[in-house]
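Engineer: Both chains come to you apart, so use the hints to assemble them.
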Amino acid sequence: MSEGPVIVSRGLHKTYRTGFWMRPHVGLHPLDLSVAAGSIFGFVGPNGAGKTTTIKILVGIHEASGGAATVLGLDHRDPEARRKVGFMPERPYFYPHLTGAELLDFYGRLFEVPEPTRSQRARALLERVDMARAADQPLRSYSKGMLQRVGICQALINDPQLVILDEPMSGLDPLGRALVRDLILEEKAAGRSVFFSSHILHDVETLSDRVAILVGGRLRSEGTVEALLGAGSKGVELELRLPANTAPASWAARLGAELRRAEGDRALLVVPPDRAEAAVALSQAQGATLLRLTPLRASLEELLMSEIQAAGRGSATAPPAVAP
Amino acid sequence: MSRLWAIAANTFREAVRDRVLYSILFFGVGVIILSLALSEVTIGDQDKVVRSIAQGAIDVFASIIAMFLGVSLVWKELEHRTIYTVISKPIPRWMFVLGKYLGLMLTLAVEVLIMLVVYVALMFTQQGPPAPVVFVSYGLLMAQLALLTAWATLFSSYSAPMTASAFTLALFVIGHLADDIWVYGSQADSPAVQAIARTLYWVLPNFEILNIRPWAVHHRDVPWERIGPALAYGASYTAAVLAAAAAVFSRRDIK
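Protein sequence lines, in the order shown, are assigned to chains A and B.
The C-terminal residue of the first sequence carries number 324 in this note's numbering, and the numbering is unbroken.
The C-terminal residue of the second sequence carries number 255 in this note's numbering, and the numbering is unbroken.
Among the hints, erroneous ones may be present.
[Unchecked claim] Partial list, derived from the structure: chain A residues whose beta carbon lies under 8 Å from chain B:
| id | residue |
| --- | --- |
| 1 | Val59 |
| 2 | Ile61 |
| 3 | Arg82 |
| 4 | Arg109 |
| 5 | Asp130 |
[Stated by the list, open to error] Result set (PhoX-like, lysine-lysine): computed pairs, CA atoms no more than 25 Å apart in a straight line:
| id | chain 1 | residue 1 | chain 2 | residue 2 |
| --- | --- | --- | --- | --- |
| 6 | B | Lys48 | A | Lys144 |
| 7 | B | Lys255 | B | Lys48 |
| 8 | B | Lys255 | A | Lys144 |
No wet-lab data here; the hints were simulated from the structure.
Even for Gly, the Cβ is constructed at its ideal location relative to N, Cα and C.
So that you can see chain B by itself, here it is in the shape it has in the complex (with noise of 0.2 Å):
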């Protein structure tokens, strides 16, 4: 376990030492703050247009470091070969795999309490205290963030940033829209159609199933009978595509 600990305590402290990722989190702080100008020139229930933008900036900004680190992950070792030096002692691979992605892991919960501290701030001097179900909307991101960095750690085991930025972008694009890939599935007329939209629909991740911000936004309590199996499928997905990233990286030839 303390192998395991010492490469996620050093992706952690590389991350934490690139000046980008405070560029992105800066941006992240400054829309949260933003959020109250905005809901100056809005029309209707001011204090939910500034809870929805301040807290959608938090999911935005967070899935953006998520990718942004996640998709060079492994890449930036093998490129810089640093790798050399780490895999080269009593180091399995997997090892290797998991300890970078809970590095990363490390840094995106960091992230995201710095910007919900802001938040929490901020409702604190303008609404009063959040509801609890904020608190609960956030556990839930990790999940997201969790499942997202796994599909990017998975595509960064075996391709360089670009392709792998391209299949995770897609896929947190597609994972946000799997509910109507099932809807327009079933209304589709062919049955090959259908067929091949539901397979997509459990295959590709669903990070709707994920999400309770609408709840958060609106204070309204989600029910434990919604938060329990969404965290049990978030957890089961993350840890298959976890193995695949593990899998594809041991069995590859580093050059």
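Pulled out of the complex, with its shape left as it was, chain A reads as follows (with noise of 0.2 Å):
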């Protein structure tokens, strides 16, 4: 396994030109990027933020208009590079006449895994996403669900270190997202690394060691999620029980917390976080119980909204805040 970054961008970028008087477009800025040996690396943005462009030049599809990138050590523009690279693009377009398992069998033959291993490997693949059963059947009655989850068995034919997916969760019914989750996971813990672009905040956030924020084409924010979240930032909720005949009301007055929800003796308070410490040895010092403590952090979607707001007001060329 490769022990440095797996993708390093050096101001990569790319300018389209596009209409008939070939006016640019820039389609992503300058980009610095780094994503570890075995991490899982979430990228995030509206559309048209730049996520796809990204993919698609680290891929070989596009080609940058300047910058650097190396992918797994090797310069992005060699094909070596992408041996052993798994690529899902986002909706993913196949031979529709091909069958699945002829489909796995002709990438595995452009990667060069030779048999017995080839149809070994794309068997228990298509075993792995529920497809053994549509194996056989051409790709053109395949529904929006079953050509991705058959791309995400291409995108693992080779047994890559990294794997790239753009919107691997997209089309998929909740069982699909969920296998997709528990595949990305399953590829960390065998120690590769996997980056992935998605609209599903809530996968990027639970499942990525770290985010990038991509708006307008530019890196707006970049780090881990607990630095760009930062974990008890939006405070501390305490449950609590409380002693009998006490007023869940006037504990949340004596503890300067704001109350959430009070059922029997037990009340939930929001505490701000400067006042954490001193409301939990206060109210175990009057007698409650202190059941549970969660620190509350602002979601990845309300990051990703300030920072779209923030690309409006004019801060688009505000170098990015990159967290540890």
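Structural biologist: Spelled out as structure tokens, the structure:
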């Protein structure tokens, strides 16, 4: 396995020429990014943010207008850099004349996976995504979700060190989404790296070690989920069992907290971050039992919204916030 | 090589699972068989008429299939976005173009073989075994198709099928009239016209160099001095056009 970063981008950028007059349109501003080996890296942003452009440059579909990037230590333009990379594009399109098994055999051949490994791996992958029953059906008869599942199989047919997935949850039912989430976690557990983009922010938040937010082709923030969202930054949620014959509202006032819910002798309170320790000590000193303590943090959705608003306010050229 | 073969085999499989191809092949075989009926309404050497119509049908229908499949060879992959999951593998762009091309050539070889088998069967039942020159002429037909397909692949690597069809068809027609360009050009009074005609003659493909059908129809042997240089011309020209197609596609930004 590669020891250094699996993806390094230094100033990678892309300008498209569109329309009759070939007017320039910047799809991606210079991007500096590094993805550590063995990690899950989430890539988020609104439509047109440059996520797919970045991914397509990294896997050799698009040509960058400038900058440099390495994938598994090799120049991203070198086809050999992709030998141990698995890639699934957004809305995957496959040859409709092939069956699922034939498709995986074809991609296995492109990676020069020898037999019988190729067919064994194809069979195992189809079973893993619950598609073994459709292995011999032509792809033209597949539903969108089935294509997405077979797309994930083709991304893993070469036993990759790095898996790049563009919107892997798109078009999947809740069962399919759970399956993809499990697969991503399995890949990480096996020591592989996963770089994925998604609009389903909850998945990105729960799966990723690090997250990058792209808005308008610019990197706005990048860092660990904890650092970006700030654990405890929105206060601490306390669940208390109160002494008999005490009013939850008066307890909330005493602790300087907001009463969220009260039921019988239980109260759910939210304490500002700077008063959390004092509130815990006071409540215990006054006879309450602490049942649960949860640091509250902003959601990725809130962070993304604030980044989009900040970009709209004209701070688009501000350098990205890079958290540890 | 296995990667190249995988792309070629997939292209072949895609072509043979396309119903349109069978329609064209069906018409080709139909015309070969119908040549028997047409010979009944002609005056002169009826055997030669059968051979001429049947061999002509193989040439024409094989060329139609080459153009029909060739002009959309690369474009279809771009339009259907199937290329995304191929180019993102360890596949250089030139290998993709060459693999697609070889797959199409394999398809054409099978198509020609099927029509040739029908023709040979027809000859056995009507006129006895065909002369060896007939088989040599189909070797040269494959060289013609290789060149025509290379041009179609080049056009397909940067333009949509409509444009590519127009260019390929124009080249197909001009390529069969290349000798006329030379003859009429050299008869022109203007040195400039003569120079243009000569340049066009050398730049444009000359399919007639690779055409020995008149000999095959008349069952006359063709000297190897005619065949050898013709094959060398076809091979080198085809290689040059394919290299251009690979270079064009390597620089192309895929949308």
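Engineer: Quick one: which hint numbers does this structure break? Sort them smallest to largest.
Structural biologist: 5, 6, 7
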